Amino acid sequence: MIAIKTLPDWAALLTAFLVLAGAALTMIGAIGLVRFRSFYERVHAPTLGATLGIGGVLLASMVYFSVSETRPVVHEILIALFVTVTTPVTMLMLTQATLYRDRAEGKAPKITDAPPLPADVITPDRTGVRQD
Amino acid sequence: MRGRANRFLAWLLPWPAVSALVLAVWLLLNQSLSPGQIFLGLLLALTAPRFLTTLDAPPLRIRRPWALVRLLGNVLPDIFISNYKVTRAILFSGPERQAGHVLVPLSIRSPWSLAMLACILTATPGTAWISFNPQTGLLLMHVLDLKDADELAGAITRRYERWLQQVFE
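Order-wise, the sequence lines are chains A and B.
The first sequence begins at 1 in my numbering and counts up by one.
The second sequence begins at 1 in my numbering and counts up by one.
Don't read these hints as lab results, they were simulated from the structure.
Take these hints with a grain of salt, some might be off.
[Unchecked claim] Heads up, simulated SDA-like pairs for lysine to any residue below, C-alpha to C-alpha not over 20 Å straight-line:
hint, chain 1, residue 1, chain 2, residue 2
1, A, 110, B, 98
2, B, 85, A, 24
3, A, 107, B, 100
4, B, 147, A, 102
5, A, 107, B, 131
6, A, 110, B, 99
7, A, 110, B, 136
8, A, 110, B, 148
9, B, 85, A, 39
10, B, 147, A, 111
11, A, 110, B, 133
12, B, 85, A, 33
13, A, 107, B, 148
14, B, 85, A, 23
15, B, 85, A, 107
16, A, 110, B, 146
17, B, 147, A, 31
18, B, 85, A, 31
19, B, 147, A, 36
20, B, 85, A, 46
21, A, 110, B, 100
22, B, 147, A, 42
23, B, 85, A, 34
24, B, 85, A, 54
25, B, 85, A, 36
26, A, 110, B, 85
27, A, 110, B, 150
[Stated by the list, open to error] Simulated coverage check for chain B against chain A, where a stretch passes if three residues somewhere in it have a Cβ under 8 Å from a Cβ of chain A:
hint, region
28, 11-17
29, 23-34
30, 52-60
31, 82-89
32, 122-133
[Unchecked claim] A partial selection of chain B residues facing chain A, derived with a Cβ cut-off under 8 Å:
hint, residue
33, 77
34, 79
35, 92
36, 93
37, 149
All values derive from a computational prediction rather than experimental measurement.
Glycine included, every Cβ here is placed at the ideal spot set by N, Cα and C.
All chains, full assembly: derive it from the sequences and hints.
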């Protein structure tokens, strides 16, 4: 951690800015989790942390370690890749579970059709839930 | 003899692209090209993709890698824009914002393109993939700020689906 003193000013400033920006976005996502009112709205808030939030922190790490040259910067790319690939898995499980419960309780969400559609096509096959 | 060699190769490497990826990720994670790590990486690359076969996924063929670059060129700006929009919705939420569910018709069917589209829509704050019905080709999504459902469906087709189709289908 003492290495920050040996960093050139521009690199230290850039690192600090990126870390703060990433942390701020993640924080705003957490605030959104509290402020939004429905489950479906809340799903959107933490994505801020999972995209540009983590992006900022990873970029900061790349700048810091490539300027101080303690190691090459590939780890961050792998972290970004793994986060992007695994987030949808959790999200899908959560939203599918909610949709299943809502439909079982007869509180199926109101749906806007992009094109005109018959009403009975919104049943997700995998859960086997019928909306009626 | 040639056919037997090919069949042996197909048995040894049922997923050549995935095996290469596993080996590359293993070596990158360990930051080493030592014989020991290469041996371990090869062992993983030969065994791990075998489990994919039980998923019954169709073979992974990337037809036009250039289209992937174009797709990424559309996705990255969209992530920035939607991060800004969702930040605004959280900090200064007004009563005019209308969240809602939308059904969007998709023309892509390959599990690879669908998985990639799920990653893209999830990575874009403000849109969430909820469920896809393969029989009707309709995707149910949730949108944080639903102004125009037709416009949204059009944007998904124009900006993502068109390129996914060129890569995987």
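Hints, one by one, checked against the model:
Under the criterion of a C-alpha separation no larger than 20 Å, the hint pairing residue 110(A) with residue 98(B) is consistent with the structure, at around 12 Å. The suggested pairing of residue 85(B) with residue 24(A) holds, with an alpha-carbon distance near 15 Å, which does not exceed 20 Å. Simply put, residue 107(A) and residue 100(B) have alpha-carbon atoms about 14 Å apart, close enough for the 20 Å limit, and the pair holds. Under the criterion of a C-alpha separation no larger than 20 Å, the hint pairing residue 147(B) with residue 102(A) is inconsistent with the structure, at around 24 Å.
This hinted pair checks out: residue 107(A) and residue 131(B) have alpha carbons roughly 17 Å apart, not beyond 20 Å. Using a Cα cut-off of 20 Å, the hinted pair residue 110(A) and residue 99(B) holds, with the two alpha carbons roughly 11 Å apart. The straight-line distance between the Cα atoms of residue 110(A) and residue 136(B) is roughly 19 Å, inside the 20 Å bound, and the hint therefore holds. Only pairs whose Cα atoms come within 20 Å are accepted, and residue 110(A) paired with residue 148(B) is accepted, the gap being roughly 15 Å.
As the CA atoms of residue 85(B) and residue 39(A) are separated by approximately 19 Å, the hinted pair is consistent with the 20 Å bound. Annotation: proposed proximity of residue 147(B) to residue 111(A) holds, straight-line Cα distance about 14 Å (limit 20 Å). Restraint check for residue 110(A) and residue 133(B): the C-alpha separation of about 17 Å stays at or below 20 Å, so the hint holds. With a C-alpha separation of about 15 Å, the suggested pair residue 85(B) and residue 33(A) falls inside the 20 Å cut-off, and the hint holds.
With a CA separation close to 24 Å, the supplied pair residue 107(A) and residue 148(B) exceeds the 20 Å bound. As the CA atoms of residue 85(B) and residue 23(A) are separated by approximately 17 Å, the hinted pair is consistent with the 20 Å bound. Of the supplied pair hints, the one linking residue 85(B) and residue 107(A) is violated, its CA atoms being roughly 29 Å apart against a limit of 20 Å. Our distance criterion of 20 Å between C-alpha atoms is met by residue 110(A) and residue 146(B), whose separation comes to about 13 Å.
Distance restraint check for residue 147(B) and residue 31(A): the Cα-Cα separation of roughly 24 Å exceeds the 20 Å cut-off, and the hinted pair is therefore not satisfied. Pair hint residue 85(B) plus residue 31(A) holds up; C-alpha atoms about 15 Å apart against a cutoff of 20 Å. Between the alpha carbons of residue 147(B) and residue 36(A) the distance comes to roughly 18 Å, so the proposed pair stays at or under 20 Å and holds. About 14 Å separates the Cα atoms of residue 85(B) and residue 46(A), which keeps this hinted pair within 20 Å; it holds.
Distance hint between residue 110(A) and residue 100(B) is fulfilled; the C-alpha atoms sit about 7 Å from each other, no more than 20 Å. Pair hint residue 147(B) plus residue 42(A) holds up; C-alpha atoms about 19 Å apart against a cutoff of 20 Å. Among the hinted pairs, residue 85(B) with residue 34(A) is consistent with the structure: their alpha-carbon atoms are about 17 Å apart, no more than 20 Å. For the hint pairing residue 85(B) with residue 54(A), the CA-to-CA distance comes to about 18 Å; that is within 20 Å, so the pair holds.
Between residue 85(B) and residue 36(A) the alpha-carbon distance is near 15 Å, which keeps this suggested pair within the 20 Å criterion. For the hint linking residue 110(A) to residue 85(B), the alpha-carbon distance of about 23 Å lies beyond 20 Å, and the restraint is violated. The hinted pair formed by residue 110(A) and residue 150(B) meets the criterion: a straight-line CA distance of about 17 Å does not exceed 20 Å. Proximity of the region 11-17 of chain B to chain A, defined as three or more residues with a beta carbon under 8 Å from a beta carbon of that chain, is not established by the 0 residues found.
As drawn, the region 23-34 of chain B meets chain A at 4 residues by the rule of a beta-carbon pair under 8 Å; at three or more, the given contact holds. Remark: the region 52-60 of chain B is not confirmed as covered by chain A, as 0 of its residues place a Cβ nearer than 8 Å to a Cβ of that chain, below the required three. By the rule of at least three residues with a Cβ nearer than 8 Å to a Cβ of chain A, the coverage given for the region 82-89 of chain B holds, with 4 such residues. Given a C-beta distance limit of less than 8 Å, the hint that chain A covers the region 122-133 of chain B holds, as 12 residues qualify and 3 suffice.
Against a cut-off of 8 Å between C-beta atoms, the interface hint on residue 77(B) is violated, since the closest Cβ of chain A lies about 12 Å away. Annotation: interface hint on residue 79(B) holds; nearest CB of chain A at approximately 5 Å, less than 8 Å. Annotation: interface hint on residue 92(B) violated; nearest CB of chain A at approximately 11 Å, more than 8 Å. Annotation: residue 93(B) was flagged as interfacial toward chain A, and the flag holds, the nearest CB pair being 7 Å apart, inside 8 Å.
Checking residue 149(B) against chain A: minimum C-beta separation of about 5 Å stays under 8 Å; hint holds.
Comparing the model with each numbered hint stated earlier shows that hints 4, 13, 15, 17, 26, 28, 30, 33, 35 do not hold.
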